[in-house]
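Participant: Produce the complete structure using the sequences and hints provided.
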Amino acid sequence: MRISADQGRCLGAGQCVLSAPDHFDQSELGLVDVLDPEVPEGDEQRFRDILDLCPSQALSLEA
Amino acid sequence: MTQLPEYPQARGCPFQPASGYADYAPVAKVRLYNGREVWAVTGHAEARQVLLDPVTYSSDRVHPHYPALAPRFESARKVRNFIGMDPPEHTVQRRMLLSSFTVKKTNALRPRIQSLVDGLVDEIEAKGPVADLVPDFALPVPSIVICELLGVPYADHGFFEHQSRRVVTGSTTLEESADAFAQLKGYLDELIRRKQREPGDGLLDTLIAEQVETGGLTRAELVDIALLLLVAGHETTASAIALGVVTLLEHPDQLAALRSDPRLLPTAVEELLRFMAIADGIARFATADADLAGHRVRAGDGVVVVIATANRDGEAFPSPAAFAVDRGARHHVSFGHGVHQCIGQNLARAEMEIALGTLFRRLPGLRLARDLADLPIKEAGGVQGVWELPVTW
Numbered sequence: 031m032r033i034s035a036d037q038g039r040c041l042g043a044g045q046c047v048l049s050a051p052d053h054f055d056q057s058e059l060g061l062v063d064v065l066d067p068e069v070p071e072g073d074e075q076r077f078r079d080i081l082d083l084c085p086s087q088a089l090s091l092e093a
Numbered sequence: 427m428t429q430l431p432e433y434p435q436a437r438g439c440p441f442q443p444a445s446g447y448a449d450y451a452p453v454a455k456v457r458l459y460n461g462r463e464v465w466a467v468t469g470h471a472e473a474r475q476v477l478l479d480p481v482t483y484s485s486d487r488v489h490p491h492y493p494a495l496a497p498r499f500e501s502a503r504k505v506r507n508f509i510g511m512d513p514p515e516h517t518v519q520r521r522m523l524l525s526s527f528t529v530k531k532t533n534a535l536r537p538r539i540q541s542l543v544d545g546l547v548d549e550i551e552a553k554g555p556v557a558d559l560v561p562d563f564a565l566p567v568p569s570i571v572i573c574e575l576l577g578v579p580y581a582d583h584g585f586f587e588h589q590s591r592r593v594v595t596g597s598t599t600l601e602e603s604a605d606a607f608a609q610l611k612g613y614l615d616e617l618i619r620r621k622q623r624e625p626g627d628g629l630l631d632t633l634i635a636e637q638v639e640t641g642g643l644t645r646a647e648l649v650d651i652a653l654l655l656l657v658a659g660h661e662t663t664a665s666a667i668a669l670g671v672v673t674l675l676e677h678p679d680q681l682a683a684l685r686s687d688p689r690l691l692p693t694a695v696e697e698l699l700r701f702m703a704i705a706d707g708i709a710r711f712a713t714a715d716a717d718l719a720g721h722r723v724r725a726g727d728g729v730v731v732v733i734a735t736a737n738r739d740g741e742a743f744p745s746p747a748a749f750a751v752d753r754g755a756r757h758h759v760s761f762g763h764g765v766h767q768c769i770g771q772n773l774a775r776a777e778m779e780i781a782l783g784t785l786f787r788r789l790p791g792l793r794l795a796r797d798l799a800d801l802p803i804k805e806a807g808g809v810q811g812v813w814e815l816p817v818t819w
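Residue numbers (the numbering used here), protein chains in the order written: chain Z, 31 to 93; chain P, 427 to 819.
Because the hints were derived from the structure by calculation, they are not lab data. No experiment lies behind these values; they were computed from the predicted model shown. Heads up, some of the hints might be wrong.
As the list claims (entries may be wrong) - Quick list of simulated restraints, FRET-style, between CB atoms: (1) P:Thr818 - Z:Ala93: 58 to 64 Å; (2) Z:Asp73 - P:His721: 49 to 55 Å; (3) Z:Ser90 - P:Thr818: 49 to 55 Å; (4) P:Ala748 - Z:Asp73: 23 to 29 Å; (5) P:Asp449 - Z:Gly72: 38 to 44 Å; (6) Z:Asp63 - P:Ala635: 21 to 27 Å; (7) Z:Ala93 - P:Asp449: 24 to 30 Å; (8) Z:Leu91 - P:Asp479: 20 to 26 Å; (9) Z:Ser34 - P:Ser745: 45 to 51 Å; (10) P:Trp813 - Z:Ser57: 38 to 44 Å.
Claimed, not checked - One side of the interface only, derived from the structure: several residues of chain Z facing chain P at Cβ under 8 Å: (11) Gly42; (12) Ala43; (13) Val47; (14) Gln56; (15) Leu59; (16) Gly60; (17) Leu65; (18) Asp66; (19) Leu83; (20) Ser86; (21) Gln87; (22) Leu91.
For glycine and all other residues, C-beta sits at the position ideal for the given N, C-alpha and C.
Facilitator: See below:
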């Protein structure tokens, strides 16, 4: 599975960066940057929970 | 007809939700101070449902349907900034600020916060054997940090801390809050005018250069944004640090677990945020008819999301009444949820981690100098916490 981010929805709370700094960063403008979109095998539930923390629902998972 | 329960209700213990709220789960009608009936949302899933839907549940504070949870909310209608706006207006203002509140930017402030906290603990030790940790520690940490971030002179802290306290306290009257808002606006307007003549290097100076000078914001709009950042930037975190000390001292097994493994500090702070729920309630009003936990909410109805009970919902948090520094749950709604989730949350986390971690490391014998039952608890309907925190060590 791959992570997809919508900068248009992002409001810079930083929950994703706190949860998985290897996968997410914030741009100079404070908007989400996906560093590594690949969800490691077996980590799907962990990432679903992380995506669920996003207050602006800017992140999704694609098969 | 039976009388509806009242919102807000006072806490009996500073870190426990008011006991009366337990009867409203997950959604119930309550009565506000002015007699208005609104929906209290006490369940976690229902709280998220409301907070994630800014189209159905509006934050527009100017709108007459927006419920005043306490008298001061009527005065707050005259302060217009992104916390009281809906998208897309909200989005434009919030995005002007995002670059200053990223995880990277707040982490870069950690060395400064650490040296500030070290200095305050030095002073407490020198002054001993007792201290009131509210004025001596919990308040100056976030107050100095937000001053430096915004470019507000800390020399004025006596003034703005006093006025801020009046606008976040549940018992503040309409007149007092109107006066406090007017004084803060006057102060910030004067400060911003001065900065326009003599620029400094704070966030307010950046916003003057990038937004006011280019027509993105009027000075009056910047005054109202500055007011929010200054007040929210110190009052809530000050309360969280002080009540965090109380909560840890009253759970000695959890404090011992944290001491034996300082790597638990970030999860301990997250659990404190969930458990203490410093911000009591979040107001919205319905813009359309909607279904909420089987209740028919009508367009125009007021809604209050009760953070303290949403954070103690057993469906979302196993053994919700237990304070566990290793719980590792981050889905509490202490910073709200949805597009309005606290913009300064990572700064608050950094300040709480450094303040609490340093205090308990430097003063291993720290204990309350007064019984918990005798600590003055902040009034219902405002920022929660304790007014005084006498300790010894």
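Participant: Evaluate each hint against the coordinates.
Facilitator: Hints, one by one, checked against the model:
Checked against the hint of 58 to 64 Å, the C-beta distance between Thr818 (chain P) and Ala93 (chain Z) comes to roughly 60 Å, which is consistent with it. At roughly 38 Å, the beta carbons of Asp73 (chain Z) and His721 (chain P) sit outside the given window of 49 to 55 Å. A C-beta distance of roughly 53 Å is found between Ser90 (chain Z) and Thr818 (chain P), which places it inside the suggested range of 49 to 55 Å. At about 28 Å, the CB distance of Ala748 (chain P) to Asp73 (chain Z) agrees with the hint of 23 to 29 Å.
For Asp449 (chain P) and Gly72 (chain Z), the hinted distance range of 38 to 44 Å is satisfied, since their beta carbons lie about 43 Å from each other. At roughly 25 Å, the beta carbons of Asp63 (chain Z) and Ala635 (chain P) sit within the given window of 21 to 27 Å. Taking the beta carbon of each, Ala93 (chain Z) and Asp449 (chain P) are about 45 Å apart, not inside 24 to 30 Å as hinted. Remark: the range hint 20 to 26 Å for Leu91 (chain Z) to Asp479 (chain P) is upheld by a beta-carbon distance near 22 Å.
Look at Ser34 (chain Z) against Ser745 (chain P): about 35 Å separates their beta carbons, and that is not inside 45 to 51 Å. A beta carbon spacing of about 42 Å between Trp813 (chain P) and Ser57 (chain Z) agrees with the range 38 to 44 Å that was offered as a hint. The criterion of a C-beta within 8 Å of any C-beta in chain P is met by Gly42 (chain Z), whose closest approach is roughly 4 Å, and the hint holds. Evaluation of the Ala43 (chain Z) hint against chain P yields a held restraint, the C-beta minimum of about 5 Å falling below 8 Å.
A cut of 8 Å between beta carbons decides the hint on Val47 (chain Z): the least distance to chain P is about 4 Å, and the hint holds. A least Cβ separation of about 4 Å between Gln56 (chain Z) and chain P falls short of the 8 Å threshold, and the interface hint therefore holds. The beta carbon of Leu59 (chain Z) is positioned within 8 Å of a beta carbon in chain P (closest approach about 5 Å), and the interface hint is therefore held. For Gly60 (chain Z), the interface hint holds, since its Cβ comes within 8 Å of a Cβ in chain P; the closest pair sits about 3 Å apart.
Because the smallest distance between the Cβ of Leu65 (chain Z) and any Cβ of chain P comes to about 13 Å, over 8 Å, the interface hint for this residue is violated. Because the beta carbon of Asp66 (chain Z) sits about 16 Å from the nearest beta carbon in chain P, more than 8 Å, this interface hint is broken. This hint holds: Leu83 (chain Z) has a C-beta 6 Å from the nearest C-beta of chain P, less than the 8 Å allowed. Evaluation of the Ser86 (chain Z) hint against chain P yields a held restraint, the C-beta minimum of about 5 Å falling below 8 Å.
Given the 8 Å rule on beta carbons, the hint for Gln87 (chain Z) holds: about 7 Å separates it from the nearest Cβ of chain P. Taking 8 Å as the C-beta cut-off, the interface hint given for Leu91 (chain Z) is violated, the closest approach to chain P being about 17 Å.
In summary, the numbered hints that this structure violates are 2, 7, 9, 17, 18 and 22.
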